[in-house]
Amino acid sequence: MRKNILEVSHLRVWDEATGNVLVRDSSFQVRPGSCLSIVGESGSGKSVTCRAVMRLNKSGIRQSGDIRFDGVELGRLSEKEMRNIRGKQICMILQHGMSAFDPSRPIGVHVAETLARHYGWSKSEITAKAKSAMESVRLKDPIGVLHKYPHQLSGGMLQRIMIALALMLEPDLIIADEPTTALDTVSQFEVVEQLMALRERIGCAMLFVSHDLGVVGKLADDILVMKEGEIVERGSAEVLFSNARHAYTRELVSAKRVLHEHFTKVMGGVDLADR
Amino acid sequence: MVTYIVKRILLSVPLLLVISFLTFGLNHLSPLDPVEVVLHAQGVPKITEELIAETKASLGLNRPFAVRYFDWLAACLQLDFGNSYVTGKPVWSLLGPAFLNTLKLTLVSVIAIIVFSIVLGVLCALREGKALDKSVRGISFFLTSMPSYWLAALMIWYFSVKLDLLPTSGMDSAQSYILPVAVLVISYAGIYFRIVRSSMLSNLNEDYVLYARACGLPEGKITARILRNSMQVAVSVFCMAVPIILGSTVVVENVFAWPGLGTLTVNSILSRDFPMIQAYVLVLAVAFVLFNTLSDLINAALNPKLRREP
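Here the protein sequences line up with chains R and C, keeping their order.
Under my numbering, the residues of the first sequence are numbered 1 to 275, in order.
Under my numbering, the residues of the second sequence are numbered 1001 to 1310, in order.
Possibly wrong hints are sitting among the right ones.
Stated by the list, open to error - Cut-off 30 Å, straight-line C-alpha distance, at most; resulting in silico cross-link-like pairs (DSS-like, lysine-lysine): (1) R:K58 x R:K123; (2) R:K131 x C:K1305; (3) R:K265 x R:K140; (4) R:K80 x C:K1305.
Claimed, not checked - Ranges between beta-carbon positions, derived for each pair: (5) R:G144 x C:D1207: 18 to 28 Å; (6) C:M1240 x R:Q152: 25 to 35 Å; (7) R:R31 x C:I1191: 48 to 58 Å; (8) R:S132 x C:M1001: 24 to 34 Å; (9) R:S132 x C:I1139: 54 to 64 Å.
What the hints assert, rightly or not - Some residues of chain C that are not near chain R, with every Cβ distance over 12 Å (derived): (10) R1008; (11) S1012; (12) G1025; (13) N1062; (14) A1074; (15) G1088; (16) V1122; (17) L1217; (18) L1284; (19) T1293; (20) L1306.
These aren't lab readings, by the way, just hints derived from the structure by calculation.
Since the model is a prediction, treat every value here as computed from it, not as a measurement.
We treat Cβ as the ideally placed atom computed from N, Cα and C, and that holds for glycine.
Chain R with its partners taken away, still in its complex shape (with noise of 0.2 Å):
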């Protein structure tokens, strides 16, 4: 069995300026080319372990514990070792597509400046591959769209270029924040979509955060579940979905249900749970 891409050992991060601790001991791994998926509510201390991942939690919130990503310690690198790590082996998408970007620069900018920033490509070569990554996520207009400005775009639009960005960087793992939940239902079954066609074309991992099980039911091979920055519960998504132990999963896959029932129904008789 290969080794884990993402080893993550108690885990707890704090602020420092009130004492709050956000998320306690927290321990789990990510295998190669599979997708974990953290649930529980907002406040749960989903995002901030993402961040902790990251290193990008904000200035006063301190994080001990082990991190390690394919086999490297990620606590002990450098700052600038960890920006060569963010972007081309580790990246990110974010909830809000509408605030991910520069407001004042065109799309192309950003996603020439991260091509550039670690692959040295020429400007030529950065537009052909543009042009196709958003051709694949069905962007259209692949260039007008590279010369718009965020406030020009829907928050779907916004959401699948990070999504084009990830495919051309070939990150080995991808953090996605609740890339879903500012959506509408259309925009989210097409994000869903392209991130299971992101994972499918370059076979990276994943760590999924969710409070949307309908979603997280169609993505995830494994589910943590948070609640006030603890792991409660932990499982294959297949045993947690029947058979879930603690309560609180099963108030919230209960309370899934009713939503994704409804979702069924509205998306045609797509049923997102049958992974």
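Got chain R sorted already, so can you dock chain C onto it with the hints?
Frame of chain R, contents of chain C only:
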């Protein structure tokens, strides 16, 4: 963008018209009869009814208000603001050079204010809560809370008298700029850098900063993005600083004997020299409109949302 610029400049025309009308109307709000002011200023011993009527005619004050307004406006466009009631000389021959001197002082100061505000604002924002941030904010609070005449006097005493490094007054050389500019920079940059700092800080927590970092972009590039997005409030403040300082250098000009607008206007106001006051108010109001337009244009260049491109 070009349409936006043209539109924005055309929009300022009606504003300028309203301002000129109000400025001209000021004359009529004053309880004093300008004719009497002129005669007093010329030292006429006995003011008779005929003399008043005669002077009124010679000044053109007996014509209808609207006619006088449009005549005055047409003349103003050629920088002819009439003659001073007190000295009888053309207003622009007095106001022009003084305005130029004040403008020089103002522009040099504003450039220094912008540089200091941005540098200090960015440094403090990047080191929020650290020793540098705290000490810069503490010192600036201490310095800006001193009245500028007191600060100016202190600086003259130390740098000109005690160390004999800089001239105490006048504007004879580049060195003469140092002290008055320093006083203005301390009073304004000490406040403006906080605006830069706080908008940098609110931008630092934006998602696009997190995403740029998550993409591995270098910090320098990210700081440049944050700065650009933080500049919008600051640009308006910086642009408005020009007319504000133009109109409020009286204290500094007096302390440093700067041959500028400040002293001239105070004297004109005291002697009720209406054409001078009118010209001064008009020039300042025009400066406000111009720099306000300029700040809108710069912001439109910085912020694509304001441009409304098709």
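Requested in this report: Kindly indicate which numbered hints from before are broken by the structure, ordering the numbers from low to high.
Outcome: 1, 4, 17, 20
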